[in-house]
Amino acid sequence: MRFNPRLRMSTLLTKPISQASAKQRAGRAGRTQPGVCYRLYNKVSFDKMEPMSEPGIRRDPLEPLVMDLASIGWTRPLSFDWLDAPNPEDLTRAAGNLVDWRFLNPEGGSSTLNGRYAVRMPLPPLWFHVILAGAEESCALDMATIGLLCEARPPIFERRDPFTQCMNLAHTAFADPLSDHIALLKAFSAYEYVLEKHSQDAAIDVEAWCSHHALSKDGLDGVHKQLKDMATFLLNAKIEPGRTLLTDTVRLRRALVKGLCTQSAIHYKGLEYRTIYENTPALVSPFSSLWEAQREWIVWTSFVSTGGNQTLEVVTAAEPEWLVDLPYFNIDRMATTHDGKLTLLQIIESLGKARRASSATNKGTRY
Numbered sequence: 001m002r003f004n005p006r007l008r009m010s011t012l013l014t015k016p017i018s019q020a021s022a023k024q025r026a027g028r029a030g031r032t033q034p035g036v037c038y039r040l041y042n043k044v045s046f047d048k049m050e051p052m053s054e055p056g057i058r059r060d061p062l063e064p065l066v067m068d069l070a071s072i073g074w075t076r077p078l079s080f081d082w083l084d085a086p087n088p089e090d091l092t093r094a095a096g097n098l099v100d101w102r103f104l105n106p107e108g109g110s111s112t113l114n115g116r117y118a119v120r121m122p123l124p125p126l127w128f129h130v131i132l133a134g135a136e137e138s139c140a141l142d143m144a145t146i147g148l149l150c151e152a153r154p155p156i157f158e159r160r161d162p163f164t165q166c167m168n169l170a171h172t173a174f175a176d177p178l179s180d181h182i183a184l185l186k187a188f189s190a191y192e193y194v195l196e197k198h199s200q201d202a203a204i205d206v207e208a209w210c211s212h213h214a215l216s217k218d219g220l221d222g223v224h225k226q227l228k229d230m231a232t233f234l235l236n237a238k239i240e241p242g243r244t245l246l247t248d249t250v251r252l253r254r255a256l257v258k259g260l261c262t263q264s265a266i267h268y269k270g271l272e273y274r275t276i277y278e279n280t281p282a283l284v285s286p287f288s289s290l291w292e293a294q295r296e297w298i299v300w301t302s303f304v305s306t307g308g309n310q311t312l313e314v315v316t317a318a319e320p321e322w323l324v325d326l327p328y329f330n331i332d333r334m335a336t337t338h339d340g341k342l343t344l345l346q347i348i349e350s351l352g353k354a355r356r357a358s359s360a361t362n363k364g365t366r367y
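Residues 1 to 367 (full-length UniProt numbering) are what the sequence shown spells out, left to right.
Among the hints, a few may not be true.
Listed below are the simulated BS3-like cross-link pairs for lysine-lysine, each with C-alpha atoms no more than 30 Å apart in a straight line [said to hold, decoys possible]:
1. 197 <-> 225
2. 269 <-> 228
3. 353 <-> 269
4. 186 <-> 225
5. 186 <-> 197
6. 238 <-> 269
These are computed hints drawn from the structure, not numbers from a lab. None of these values were measured; they are calculated from a predicted model.
Required output: the full structure, derived from the provided sequences and hints.
Set out below in structure tokens:
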């Protein structure tokens, strides 16, 4: 998997392994007992392979790395003495994202207070931005839980051929028509309930329950173990680890939308969406509850390209009135054509309509 910071997209590439990887794999054949390694290519093909694999620093998102440097006072990542230097543009874009999340000061690049907390969190920095949005809605712990669920390995929703369709059907027990993130939270909440019942009655089989609902017990267990530490982290960061009712989906979605605003897209035509700023075409994942829903605005957790298909995965529907006052949606930053015209007029029309509606509502309010 290779991350493209320009498009904010991860691409699954099929490419030959390196000579170093081939030698490493051969070494595994006799690691625990005598074995034989059979290569499915000839020496000519081996000689054409790259000597070494591309280092992860050139394939992965760099926001955590830039945050680590800033936390020790190094504010010029481009001048750092790298063992394997990352792409300068990738570093610049990572720093730009951290400024948008208010983890780096725009002048000088030093860490903000929130940035110093974000670097200590056991999740990518973006999720601390989501947690801060959750704190404004009194549901910070819910946002932290969603972050852990989205980053869980293995993923909590299991999908295995040839049973994918049946497993997707089992997942509908937790589905939310406007948010895949809330669906994850519902599944985890149900798992916690079953765990509690199991502590009272050992006859309740948690593993069988997970299997029945096509959920990964390992993934859920991992999140359950991390959640206590996450609650402690929030308290240390002076954030109230609040939770709201699962039925209060508006509050949960509003927090998600504000936190994930830098990963947003607007409906373009048919099933196609366009990402903000990059204007990249994408479809909602067919595994999403919002597939074919054609909501005007959405935010997403991951943008993935596989086999020529570009899909937004784990998405939540956004209301334009939640976006209009966010600094990220400054018109000056939107994608333009060569003559300076905005590429996506739908953005201006949608946000303008939301502003007018908000203004009319405020004028009609009497105190």
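Outcome of the hint check:
1. 197 <-> 225: holds, 17 Å
2. 269 <-> 228: violated, 44 Å
3. 353 <-> 269: Roughly 19 Å separates the two Cα atoms, so the pair holds.
4. 186 <-> 225: It holds: about 17 Å lies between the C-alpha atoms, which stays within 30 Å.
5. 186 <-> 197: Within the cut-off at roughly 17 Å; holds.
6. 238 <-> 269: Roughly 44 Å between the alpha carbons, so the hint for residue 238 and residue 269 is violated.
The structure shown violates the earlier hints numbered 2, 6.
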